[in-house]
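Chains as they are written, first to last, in our numbering: chain A, 1 to 303; chain B, 1 to 303; chain C, 1 to 256; chain D, 1 to 256.
Simulated from the structure, these hints should not be mistaken for lab results.
Check the hints yourself; a few may be wrong.
Result set (SDA-like, lysine to any residue): computed pairs, CA atoms no more than 25 Å apart in a straight line [to be verified]:
id, chain 1, residue 1, chain 2, residue 2
1, D, LYS35, D, SER136
2, D, LYS239, B, GLN248
3, D, LYS2, B, LEU86
4, A, LYS279, C, ASP87
5, A, LYS276, C, PRO185
6, D, LYS47, B, TYR34
7, D, LYS35, B, PHE33
8, C, LYS2, A, VAL275
9, C, LYS239, A, GLU79
A few chain D residues facing chain B, derived, Cβ under 7 Å [to be verified]:
id, residue
10, PRO45
11, LEU49
12, VAL69
13, ARG70
14, GLN209
15, ARG210
16, ALA212
17, CYS213
18, VAL215
19, GLY216
20, ALA217
21, CYS218
22, LEU219
23, GLY220
24, TYR234
Positions of the beta carbon are idealized from the N, C-alpha and C atoms, including for glycine.
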Amino acid sequence: MADMRVNIAGVPFANPLIGASGTVGFGREYAQFYPLSVLGGISCKGITLEERPGNPPPRIAETPSGILNSVGLQNPGVEHFLREDLPWLKQQGTVVIANIAGRTPEDYCDMAERLSDSIVDMIELNISCPNVKAGGVQFGVTCEGVENITAQVRKHCKKPLMVKLSPNVADISENAAAAEAAGADAVSLINTLTGMRIDIRTRRPVLHNNTGGLSGPAVFPVAVRMVWQTAHRVKIPVVGLGGISCWQDAVEMMLAGASAFQVGTAFFTDPYAPVKILKGLEEYLNNHSIANVTELTGGVRPW
Amino acid sequence: MADMRVNIAGVPFANPLIGASGTVGFGREYAQFYPLSVLGGISCKGITLEERPGNPPPRIAETPSGILNSVGLQNPGVEHFLREDLPWLKQQGTVVIANIAGRTPEDYCDMAERLSDSIVDMIELNISCPNVKAGGVQFGVTCEGVENITAQVRKHCKKPLMVKLSPNVADISENAAAAEAAGADAVSLINTLTGMRIDIRTRRPVLHNNTGGLSGPAVFPVAVRMVWQTAHRVKIPVVGLGGISCWQDAVEMMLAGASAFQVGTAFFTDPYAPVKILKGLEEYLNNHSIANVTELTGGVRPW
Amino acid sequence: MKYDIEICPVLARQQLTADIFSLTVSAPKLAPLAKAGQFAQIRIPGKVLRRPISICGIGPDTLRFVVQVRGEGTQQLSEVRPGDSLDILAPLGNGFPQQMAEKRAVFVGGGIGVPPLLGAATAFSGEKTAVLGFRSREAVILADDFTAAGCRVHLATDDGSAGFHGLVTGVLQTLSFDVCCACGPLPMLRAVAALCAERKVPCWVSMEQRMACGVGACLGCATALYRPDGSQYYGHVCKDGPVFPASRIAWEQGVQ
Amino acid sequence: MKYDIEICPVLARQQLTADIFSLTVSAPKLAPLAKAGQFAQIRIPGKVLRRPISICGIGPDTLRFVVQVRGEGTQQLSEVRPGDSLDILAPLGNGFPQQMAEKRAVFVGGGIGVPPLLGAATAFSGEKTAVLGFRSREAVILADDFTAAGCRVHLATDDGSAGFHGLVTGVLQTLSFDVCCACGPLPMLRAVAALCAERKVPCWVSMEQRMACGVGACLGCATALYRPDGSQYYGHVCKDGPVFPASRIAWEQGVQ
Ligand SMILES: Cc1cc2nc3c(=O)[nH]c(=O)nc-3n(C[C@H](O)[C@H](O)[C@H](O)COP(=O)(O)OP(=O)(O)OC[C@H]3O[C@@H](n4cnc5c(N)ncnc54)[C@H](O)[C@@H]3O)c2cc1C
Ligand SMILES: Cc1cc2nc3c(=O)[nH]c(=O)nc-3n(C[C@H](O)[C@H](O)[C@H](O)COP(=O)(O)OP(=O)(O)OC[C@H]3O[C@@H](n4cnc5c(N)ncnc54)[C@H](O)[C@@H]3O)c2cc1C
Ligand SMILES: Cc1cc2nc3c(=O)[nH]c(=O)nc-3n(C[C@H](O)[C@H](O)[C@H](O)COP(=O)(O)O)c2cc1C
Ligand SMILES: Cc1cc2nc3c(=O)[nH]c(=O)nc-3n(C[C@H](O)[C@H](O)[C@H](O)COP(=O)(O)O)c2cc1C
Ligand code: FES
Ligand code: FES
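Modelling step: build the complete structure from the supplied sequences, incorporating the hints.
Dropping the structure here:
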């Protein structure tokens, strides 16, 4: 039987599948379907220092093989998370990753400090939310921005630190290198690509926010490319995500260079998708006599 | 009956639909299906100063609602184009746009000069081909690069000049503004998003070039967003493309701010797609008593 | 288990109007969990998002849906036939109140808003009236089902081709009732809610919003609600609704 | 008109092996244009790219395809039934030479490479032999069709469960012939081409490549060919092929 365990930045995961931030809330809704311990980890909905109401609806639009969302970081704030959500989630037997977004570097540092004193396993620095001006994306576009915010948070963060990168840039691997240089323990990519749909009947953008973040199978080839480029550029682990919907996609993402992967939009199409992905992945490893899932990482043989 | 004519940079088009570069060759293959005069225009396969062999196969991969290509600018060179392809194409009753790519600014200028003395109607400056190092993408990433190459070509180009922009950048509208500042008469966007697929059986990238350009419906929401942002930023006409596959998409693209649109990958799914798009668009205009198709441009009402 | 996925064989399909059809599926796992006014998320092959469809009827081991073709997804759904199977996530959300203590209830539905009310009307044990609004006579659906459920049925049509010539509120004004359940287009719900507020009669409305997860995880299906203190916040149709007390809906839908 | 689109009703579907099936469609517009060895681009609903499939049989107003399930697209294709329709772009490319003047022809096919040869074998008027290679007895297809076309048929199987135990070239070596037409996996084609080159017998091979347009516009389906001067260039399977003289194929597939 293949060993499905991976270790990212010193944190042991039972398997390489992590629920992506914003798609699994704080876990409760999917715990209805299966014990969360089947998942390697969960990246919680992006939290901010204070509660945020989120963007006006509509917040969701469908696109060919994808969706746009403009939730806008609706969340109850870090204190509520620590008090109400984390204790329950931490008991479910899965790695808990806090995804944090902020308006200012101080916001990020303040949150990192509070979370450092909590039972959270890992912090994911979200500097790539395209849907709110105050969602940190201003820190995520340039290398200097990434390096700067990562370095500041690093000083306040005693937990393993993963930086989540935006694909809306010219060269994501450079931003990954900047995060690495500033002390990140891992990078995760990709967040959503900014997109837009217009209702031709009303002539209104479908999303009230006008634009939103594209996710789902449509972005998968872009994500694979970015993970591949990034895995060549940095030494820290790369956690790959964007459009993974079946076990074959997961294998492909790991071959491209991912040490673990996240699954997001696929939860919406099929809440059991993560279970099926893990089952397929394990069978694949067994059929090919691959002893450790970690052997897949970076296994692509470029031409 | 609605007036379908548009005028881009002084060039009159019978309708706003242009066959996208690289997807319709030099027109001959699709002239088997219908007279090319039904199309507003054709942007020819990207040409270079000298003949280019193109990339090794495989050059095509399928992705969810999209395709990757890494043709790599295979073309017979500008002289062959002028001698063998242009005379025939120019007689078909459609606007002929020459799409040019180069290794050096001199290449571009040389071609622009030769084409300026030809019967070509318009030149599309391709500084965004992701599939060859020498395909001009080095000029297309930064604003300075775009401004520089556009300004140089402008000096040698007596034809209306359209600059085709890459979506693999942080803010495409800034690059559009740079092209405008340097004298471009129009911009077209988007070229392909760089992507990758890996064959998990062989562990080889599906494309021999490892990465390729993503096109088709998957990229449509990204293209609409970029056209919307760019149309707000520049005064010159924006020609929108990326994933248009039905008349509704064409309306959406124009509402987002496009003065005309190009259709590429949809030719592969259905060679008659352009005819169906034009028919649907015209019926839509008639049903809504819209006298001129130009009235759609920028008609979105943002929230 | 509150909700789950079941692969449900289609037992029957019936065309109700030109663009509305009824599907009955076998759902031995889900049907026993379902309550009137809850909804399902039905998977459409090839689409990333499921389609939210109200549960119109609940049998011991069957569920019934009534669906209008609005776009590609519902078009595809309209093509299923007995023998095909549907991947259904259900039952979701909070339905209409289970026991309404009031004596006289009115069920106000507009167009494709009519089906979600049928279960609640069936379950209500007091004196019940249905006011059902449609574009025209050809668009009328489920009138007989409401009669069979024990309702006095009033129709209203935009063109006067059946029943009252005008909006459902035109009929509602003429009725006396102690509680109201409504589902339909936003302007109708708003007008019904205003009328009930004026009469100080409790009013329950079933809301729609674009959804992704359907279970409360993604926060996609936001709708502006009032807190008891009068301030606004975004609740979620899939988890907090789709049925809300009308008084909690911030009809202007803007959070300050 | 060389090629066009036609919406073709499926007339018959036949399962040939566990994963190979035959489809006959009505194509009154396309069939009269088609020649042996040409191919079609068949649209798969929901997929951006059509699937290239060789024309295996040409009737006065019908086309026959023999398809192996390899991935999602061919899987979907395998689910069509008489009464369904297929959106077909055909006939594409250059088939096998129309009149082969040679006296004795051999048709060498491997696996799913067998069907494209049937038309050419049928059309050939001289002495004809078919050498058909498969994994095993269960995978054998169209042997009777080649017999009916007037061929002496030799089978070869990897496991020896039918005919010769080994590769088709093992059989080919023992035969005498004046021209060869081959279709199958690349290593097989290469070996057949080498054998023919040694004997100085003309050899035609049908090549595969990933395609987008299918008509020669996109330059997607490149394959490295030799120019008469021995230099290499990328020709295109859809337009210049799929059938090429074996001597023109640059088997190393690298352009300098
Ligand atoms: C709680 C709830 C219950 C519903 N019950 C029913 C019912 O019983 N019968 C019925 O016919 N319809 C019902 N609807 C509306 C139904 O969900 C939409 O008509 C359907 O999603 C349209 O999908 P489409 O692919 O045909 O249209 P498209 O416009 O192509 O869909 C595009 C996207 O928008 C979403 N969307 C479009 N319209 C709506 C809408 N009104 N509400 C939510 N999402 C929408 C789709 O789900 C999809 O994600 C209900 C909606 C909700 C939220
Ligand atoms: C000229 C020509 C004639 C052919 N004739 C036949 C035939 O008669 N019967 C038959 O069963 N098969 C034939 N094939 C192979 C057939 O096209 C592929 O098996 C099919 O495209 C696989 O599609 P899929 O969606 O099932 O597989 P996937 O692997 O899911 O397809 C993914 C993509 O790769 C392409 N692809 C995969 N394999 C091939 C291949 N071998 N050649 C070209 N493209 C490929 C697909 O078209 C698609 O775009 C022919 C191929 C060519 C080029
Ligand atoms: C509804 C929704 C909400 C999201 N919210 C967040 C968030 O709060 N923080 C974050 O870092 N990413 C967020 N994302 C991005 C996802 O975590 C992920 O990066 C993206 O969706 C791509 O992966 P996928 O295609 O598997 O969904 C959100 C995505 C969706 C669809
Ligand atoms: C096979 C193929 C070849 C292409 N070649 C070129 C090219 O030579 N020059 C160019 O500017 N764009 C080229 N493109 C990009 C298209 O013109 C277009 O920008 C892109 O495909 C997005 O539009 P679509 O989704 O409608 O195809 C090519 C695209 C494809 C699919
Ligand atoms: S649809 Fe996800 S929270 Fe309601
Ligand atoms: S597939 Fe387009 S040129 Fe052959």
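Evaluation of the provided hints:
no. : hint                   : verdict
1   : D:LYS35 with D:SER136  : violated, 30 Å
2   : D:LYS239 with B:GLN248 : violated, 32 Å
3   : D:LYS2 with B:LEU86    : holds, 22 Å
4   : A:LYS279 with C:ASP87  : holds, 20 Å
5   : A:LYS276 with C:PRO185 : violated, 39 Å
6   : D:LYS47 with B:TYR34   : holds, 24 Å
7   : D:LYS35 with B:PHE33   : holds, 19 Å
8   : C:LYS2 with A:VAL275   : holds, 19 Å
9   : C:LYS239 with A:GLU79  : holds, 23 Å
10  : PRO45                  : violated, 10 Å
11  : LEU49                  : holds, 5 Å
12  : VAL69                  : violated, 15 Å
13  : ARG70                  : violated, 11 Å
14  : GLN209                 : holds, 6 Å
15  : ARG210                 : holds, 4 Å
16  : ALA212                 : holds, 5 Å
17  : CYS213                 : holds, 5 Å
18  : VAL215                 : holds, 4 Å
19  : GLY216                 : holds, 5 Å
20  : ALA217                 : holds, 4 Å
21  : CYS218                 : holds, 6 Å
22  : LEU219                 : holds, 5 Å
23  : GLY220                 : holds, 4 Å
24  : TYR234                 : holds, 5 Å
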